[in-house]
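Chains A and B supply the protein sequences, listed in that same order.
Numbering of the first sequence is given in my numbering, commencing with residue 1 and proceeding in unit increments.
Numbering of the second sequence is given in my numbering, commencing with residue 763 and proceeding in unit increments.
Just so you know, the hints here were simulated from the structure itself, not pulled from any lab data.
Idealized CB from N, CA, C, for every residue including glycine.
One thing to keep in mind: the hints can contain errors.
[Claimed, not checked] Some chain B residues near chain A, calculated using beta-carbon distances under 7 Å:
hint, residue
1, 1169
2, 1173
3, 1221
4, 1269
Okay, here's what each chain looks like letter by letter:
There are 2 protein chains.
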Amino acid sequence: MDKEFTYIGKRVPRVDSLSRVTGEAVFAADLKLPRMLVGKVKRSHVAHARIVRVDTSKAERLRGVKAVVTGRDTAGVKWGVFRYTQDMEFLPRDKVRYFGEEIAAVAAVDEDTALEALELIEVELEELPAVFTPLDAMASEGPWIHDEYPNNVNVHVEINVGDVEKGFEESYLVREDTFTAAEDDYFMGEPFAVVARFDDGGNLEMWTPNAGPHMKAKPLSNALRMPLNKVRVRKIAIGGAFGGRSEISPADYICALLARKSARPVKLIYTREENTVNVRMGHALITTIKTGVDREGRVLARDITCYMDGGAYSSTGPIATSVPFLCMEQAYRMENVRYNGYRIFTNKPVRGMIRMHGRSFACGVDLQLDRLGEELGIDPVTMRLRNARKAGETTPTGSVVSSCGLTECIEKAAEKIEWRKKYGNLPPWRGIGIGINSVQTGFPLGIRGGSQAFIKFNEDGGVTLNSGVVDNGQGNDQMLVQVVAEELGLPLEDVNLITADTELTANDPGSYSMVSTFAGGNAARLAAIDAREKLFRIAAEALEANPADLVLKDRKIFVAGSPDRFLPLTKVVRMGLIQGRPVSGEGHFAPKVDHRREWVSNPHGQLSEAFSFGATVAEVEVDPDTGQVRVLEVAAAQDCGFAINPMVVEGQFEGSVAMGGQGGMLTEYHFWDGGRCMNPTQLEYKVPLAADMPRIHPIIVESNDPGGPYGAKEAGMSIAMSAAQAYASAIADAIGVTITDFPMTPDKILEAIEKRRQEERK
Amino acid sequence: MDKEFTYIGKRVPRVDSLSRVTGEAVFAADLKLPRMLVGKVKRSHVAHARIVRVDTSKAERLRGVKAVVTGRDTAGVKWGVFRYTQDMEFLPRDKVRYFGEEIAAVAAVDEDTALEALELIEVELEELPAVFTPLDAMASEGPWIHDEYPNNVNVHVEINVGDVEKGFEESYLVREDTFTAAEDDYFMGEPFAVVARFDDGGNLEMWTPNAGPHMKAKPLSNALRMPLNKVRVRKIAIGGAFGGRSEISPADYICALLARKSARPVKLIYTREENTVNVRMGHALITTIKTGVDREGRVLARDITCYMDGGAYSSTGPIATSVPFLCMEQAYRMENVRYNGYRIFTNKPVRGMIRMHGRSFACGVDLQLDRLGEELGIDPVTMRLRNARKAGETTPTGSVVSSCGLTECIEKAAEKIEWRKKYGNLPPWRGIGIGINSVQTGFPLGIRGGSQAFIKFNEDGGVTLNSGVVDNGQGNDQMLVQVVAEELGLPLEDVNLITADTELTANDPGSYSMVSTFAGGNAARLAAIDAREKLFRIAAEALEANPADLVLKDRKIFVAGSPDRFLPLTKVVRMGLIQGRPVSGEGHFAPKVDHRREWVSNPHGQLSEAFSFGATVAEVEVDPDTGQVRVLEVAAAQDCGFAINPMVVEGQFEGSVAMGGQGGMLTEYHFWDGGRCMNPTQLEYKVPLAADMPRIHPIIVESNDPGGPYGAKEAGMSIAMSAAQAYASAIADAIGVTITDFPMTPDKILEAIEKRRQEERK
């Protein structure tokens, strides 16, 4: 690979940094439109009930109320990511299925009026028996949460590769453990907000934080019974997504409905409580893992059964049912493996995608491997090196791994924290642990047509890139600018962006499943190359040279090897304009994956074109009197293929340690009163702040994937997952007990220490 | 030509009609942005003066004033359409050159404060001798209005083809007349308004009625010393242009300057007075025409000298100096012709482009031909038929005429009004007259790169067209929609438009010089064809057919001749998405014209790829007691090549009769006190209303130009010009005297009748 890059691979500040730190960035909640109304949602105060009566007449008569909507105002369209999981009405007509579900909504001239109107809406509910855990839900005799799903089983994923029983028989050591975990959650910096307006032509325009506007526009057009052409979902500054903004939200629909009924723009801002309850969560899991290894610790067979608490609707959950397993099979080499994953409906908030899939799954796999190693006298790092995936291998479900720097990640992270020196030699209550994981760079589901980009040259030689890619905090805008600047030899400030607008930009799979750099970056690169070729054809004629001999650098087009034979880029652009040959370019890219209808319940084939790999090593100190964990140092190594902007990639690693390790394994969890979340706000739910964070060593490993732009693939999520695993592994090392319920909060740690002491006393 | 069109050539309502009649359309004056300020301009109250002192300190101290700007705040950049006509500072520093010129501007929290602030700006001017007519200006001994232009001569166009003197010698009859006319003007429905804002990245965003955003962005970026990439001029509803919005306006620049200085959005709305004085006008002309004809009335030689009042700056005027002549030489065949056109600076408002170039020029040519015919005993229609241009001929300055339906226009218009029956046989004070003219479809100057369009297919089979074309009232949006719908077999409502935005859309020459259908329509058509080819490649594989055998109609792709072998369009689009072959298209088109630097002062070569031709016949009745003219009937026939939407084309013809004939020849003119316009508002300046209009017979003649989209070329302007000529010709016929000063207002008509009576008495 040619490493002579000018902008790629460089640490340059992000194009959106200034607007974020100055507060100039406009989020949906900041948007002001003339005559705009305030929208508010009336929600269920029970977890499961039949809707008997919703009387909005008093609310409608309140002065300043411009529209009230209920299920009666809808076409009754059901939404689901897949055709066979369409089970959610955005405004249910017959039943509510979780505490906080939408029942009605109002649009009024101000917030006070809207809130007063909510109080005036009379809702009569006939409560139904509710279930709050997967096991209770499966055991329930009904009524089922959805009539179509007996025993509340939403999805059953079944994978069976090789001969698992024979593998166990041949194993030197077999161990089975069960791990549990609360929901993972995401506290976006920006609570959800949406603004909708209709123009006189009946066209809907919507601004909303989202991971993919095209993914929002389609279900909106279905639910509103409008042609897709008339639904425009637009880019706006976004304060985080983490998987929680991957799909349409009922609020998007409700806001549009209110705007249509009132014939005025409507803004709907979620409270922090709503943002927790009504913007998806990760799944709570119960995972039983049975692993057989040979004398050297190599995994011969693994059998996993996982029950996932899906909450009240399908959402993106059916995909999430296999993701933890797939991540595991990518990271760990094994020939015989069985997986039964069940996603179960409960009367709790809806669970879907999250940046950190399956805390109890991944942590369980790694903690169990630590225990197996312990019995064999093999340290955790060696256990992982012996089982780590290598490039060129095929996963059990059939994906060829094109590039893999996992071994290098493990070695570098371990070396950074001085693993060999420290492991087994730390003072009491100190521990060191490791976790490894692997993440897909784009899923086959939902990626329709990949990403397409257009470039046009402006008269002064600057360019505008048109791309569907969303930046929801990860730096995609910066990525696009660097790619285009690199290919066109332009300073970064000469690249303008138009992104993420269903009307203006072409299709893009959306910034989820870690695909934006791979698909969107490749599309932008190809568009730039296409435009460059047009430039070269024009310049070649004027320079009397072969287009193949030209190079573009520093806004000049040179004949290679002849520094005096050049034309300024601006001149070539103008020559093109005068000659009627405007310079523009088009590029599109779709990852090479298998598309199969049965993928959700039985994934097999090429799942993703590229896979990233991460290893995190953490050193912790536990206070045996308080159960508090102090994290001393973390080394986070990831094979991201190639770092287009190392500064941004390292920022991703750091954020991943915060979310996956510091928050995910130590402090972040919800507690419940039946179906009601009792800690929905930051007052009771502890998200780590900068001051809480340990010292982090981000380590970038570059395997240069053959398919990625400049070799790049996913960056960050492999760390979010392996950080949780490393924290868990280190705490177990520190206290000498393996806690099997996550996160590892002080009460559980104290309890574990006490239990160990009691056992030692025996 | 295949006449089997579905949408093209059909009378369908315009896409923008609803928003216009309901008032939903948002014009620049309607736009509201948070924290937006009101801008107002301090103007000169004298016609010519040195600026001695501008003291803004009191205005700046007024509460609510957020910015005050003068020439001191500018970079002193001079603007002109051509490099050698850069003579205008948007906020002059040293001199003012006409009554009403910009001196300073303020931005304040409301209009009252802004107006109060204007009063507080102290301006000290040292008055200079001023000149108000071209002849005075040329005779003046200085100081010249611009030091660089001695004797105030801005441009001298000199054309000399064939042997004019010999032509006169060989003529049977030679006649010389001098015609004069006041300025033509345009009363746009929407007075000019502009909104400008800067974002935190220093990017300028501007909404302003204009004929070509790319033509505004470039000079703005020069004057503001900003990269073009950071200047975005955006589409907004536009209430007419007529040539008056062809270039940057000082107000655009001033509004941006105020927004930059105040760091807040600024809106600047012109009063009706400002819209008259500061938004260009047509030129006032003094034209001497000498024509020699043979016994059959064929023109053997013509010599024209024209003095044009250019006002205080060059603006687009240098181009306008040759346009009346070029229109004439296109319409009338002649071998020997000489033209001397002088554009002279005066201390009056700036004159530029107008839909009706050279009232006294074109009307003079036709009135003189009527008189020559009278002496020869040949009626005006026959005189025109004998001299009318034919397809395949070359104009004196060297343009090949690719298509020409002029003879058919003359014949059809004459027949419609029963010319043969009526001419010479009308009752007293009734008259019938004819005018013919020809207009370019696109000028070589300013058309840089022609037009470029992009199309993308949305998931539901609808498309979005991205084109730089502006619709400023003539129906360009509708034209684009019909073209794309036709090529893609889509209902009109499935075509969305993104147009006229320097950031979003590619280069376009702008909707002036009558080029938008020819260039923009062709580009849109080519983009649609490009997208269709991609669709066909995808469909051909699935249908196992040859792409060349496919046809696209009614949202279905058929194998030609096999009505059962088809795929729904939406399905093919989705197949493309799934296969990673997104369907999009690109098209660009630049008219084939000669680009020569010396074009302005010496036009020669291919001026335009296509020319349109029009003939108007009018019948009038003059009240000899009041001088009032009642127009009984008008037949307006134009060869527009092909009418993409006959309803829209006919609307253009009707508007042209209103502007050129009814307003232009009867009621519209300005009167002056020195350099001050005394009738700048609709109270004193009579624009015809619907109730004033005669019965109009629009007649579409289709010559199917080989270069135009479906054969289309310019539509409307040939009528605006020939309507004035027809009205003048008919009045002369009615009163038996040829008035040589235009417009023909009642006072002039009464005076002419009186003069005739006196002569008859002699």
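Here is what the structure says about each hint:
no.: 1; hint: 1169; in the structure: violated, 32 Å
no.: 2; hint: 1173; in the structure: violated, 37 Å
no.: 3; hint: 1221; in the structure: holds, 6 Å
no.: 4; hint: 1269; in the structure: holds, 6 Å
Hints 1, 2, counting from the list given before, are not met by this structure.
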